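S.K.: Spelled out, the chains give:
Protein chains: 4
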Amino acid sequence: MPSTTGPMLETYPKSINLDRAKLAAAVDALNDCAQACTACADACLSEDMVSELTKCIRTNLDCADICATTARVLSRHTGYDATISRTLLEACATACRSCGDECAAHADKHEHCRICAEACRACEQGCRDLLATIS
Amino acid sequence: MPSTTGPMLETYPKSINLDRAKLAAAVDALNDCAQACTACADACLSEDMVSELTKCIRTNLDCADICATTARVLSRHTGYDATISRTLLEACATACRSCGDECAAHADKHEHCRICAEACRACEQGCRDLLATIS
Amino acid sequence: MPSTTGPMLETYPKSINLDRAKLAAAVDALNDCAQACTACADACLSEDMVSELTKCIRTNLDCADICATTARVLSRHTGYDATISRTLLEACATACRSCGDECAAHADKHEHCRICAEACRACEQGCRDLLATIS
Amino acid sequence: MPSTTGPMLETYPKSINLDRAKLAAAVDALNDCAQACTACADACLSEDMVSELTKCIRTNLDCADICATTARVLSRHTGYDATISRTLLEACATACRSCGDECAAHADKHEHCRICAEACRACEQGCRDLLATIS
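Residue numbers (our numbering), protein chains in the order written: chain A, 20 to 154; chain B, 20 to 154; chain C, 20 to 154; chain D, 20 to 154.
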């Protein structure tokens with residue numbers, strides 16, 4: 020099922036101040052990362068070694084919340100405020116970096132951490148690619 | 020970009036009490052509907068006839084919040100509680116029905132409402148398909 | 020710091036279809052329960068016996084998400100749709116019941132679970148009191 | 020009803036890296052601001068002059084999402100990561116500043132904007148007070 024992010028962007032009735040392709044890519048990466056982090060936190064919670072994964076769970080929960088909120092803010096174009104988008108994208112890229120590093124440290128033992136680390140890396144890149152166009 | 024929902028489901032370390040294919044389909048439809056509703060609310064806000072779209076905006080906001088929360092709850096399998104999943108899926112299907120009806124009423128005038136109505140219909144169906152397996 | 024929920028309700032420019040006192044009480048209880056559940060999940064995660072608290076953490080996360088979304092939906096009055104409010108309140112009361120029961124089972128060992136159980140009970144009651152006025 | 024934020028902080032089983040009084044004050048201000056912004060967006064939507072309030076509605080929605088997420092992240096202490104807290108607090112203070120300015124511009128005409136502007140100012144201050152302790 021292809022995402023509706025791109026098609027919905029095309030229907031926005033006024034002008035959009037951001038590169039539409041990079042914007043759609045960032046929103047899709049954010050939603051995918053939020054989903055992966057929510058699932059990874061829960062999978063960690065069911066591992067026998069959960070006591071060694073508590074930092075991973077916490078960072079997953081933060082990253083899921085921040086990515087979901089960033090996707091929402093980037094999906095709004097009415098009354099655009101570049102300073103909000105920029106600072107939030109910076110916070111989100113920071114969270115994705117931390118969560119990607121934490122998950123990567125468990126990637127050899129837990130496949131859910133490996134997949135989640137990839138989603139975090141892709142999301143961090145999507146945020147930075149978009150940030151580079153805001154200046 | 021294919022969703023990570025299915026691959027992440029495969030990595031869950033314990034058993035899952037729901038049909039995995041229907042579960043992954045529902046989660047993807049929920050995330051897609053949440054995204055479409057957030058974007059539709061914002062597009063409505065930028066239409067010249069915004070005063071005729073206030074109910075649509077409100078229902079979009081409700082549907083986005085409820086779908087996002089339902090996707091999260093369904094992405095957790097640890098300590099599964101069927102009564103929470105069932106009542107939440109019922110509330111979510113209700114919200115998707117209302118939002119789909121409201122958006123459909125504006126579909127001939129606004130392409131974002133047409134696409135969003137489709138996402139709501141698909142999400143309602145995904146919720147009901149999963150609900151049918153829980154009882 | 021008194022909540023702004025009641026004062027904001029007074030400023031809504033159109034009529035509201037629900038009992039304002041019960042509505043404000045429910046929204047405050049929902050926000051308080053969401054906060055308690057988020058904090059309880061994290062406190063459980065830092066307990067040495069975290070492996071015995073995984074169901075509690077999961078139910079806390081669900082309850083926090085559902086309460087936060089219910090508070091948002093109840094804070095919107097434009098284009099009111101009773102069927103969404105009713106089914107969502109039922110799902111939320113169900114989640115609060117489950118989470119209150121789970122936290123109560125750990126209340127003698129963990130003070131955060133005791134306080135959280137109380138917040139869940141109060142929230143379930145606030146939801147049911149409001150539900151009784153909708154039907 | 021007093022907030023459970025402070026009492027829950029006291030029950031956290033490990034050490035907390037932040038000033039507890041400033042932390043509890045920030046979390047309460049964030050939750051209050053999120054609630055005020057959600058209600059203000061909806062009240063604006065019901066004003067006859069909604070077409071002049073679209074930027075206010077949008078900024079309210081952003082601010083509500085960002086404050087709610089920041090409250091959650093600050094309510095977690097397990098596996099604390101100062102870089103996430105700091106960048107998110109900066110983004111949140113930015114959003115509160117923008118939303119407070121926008122609401123203040125309508126405060127003489129709409130009481131909900133006046134109350135919401137105050138909640139945004141208090142929240143921005145709470146974020147900056149806490150930020151000053153993180154360094």
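Worth flagging that the hints you see were computed from the coordinates, not collected in a lab.
Each hint should be verified, as a subset may be incorrect.
Since the list gives no way to pick out one identical chain from another, each pair is judged satisfied if it fits inside one copy or across any two copies.
Claimed, not checked - Each computed DSS-like pair below joins lysine-lysine, with the alpha-carbon atoms no more than 30 Å apart:
id, residue 1, residue 2
1, 33, 74
2, 74, 128
3, 33, 128
4, 41, 128
The structure presented is a predicted model; accordingly, all values stated were derived computationally and were not measured.
S.K.: Each hint needs a verdict: does it hold in this structure or not?
M.R.: Verification of the supplied hints:
1. 33 to 74: between (43 Å within a copy, 13 Å between copies)
2. 74 to 128: Both, since 16 Å and 23 Å are each at most 30 Å.
3. 33 to 128: between (48 Å within a copy, 15 Å between copies)
4. 41 to 128: The answer is between: 28 Å across copies meets 30 Å, while 33 Å in one copy does not.
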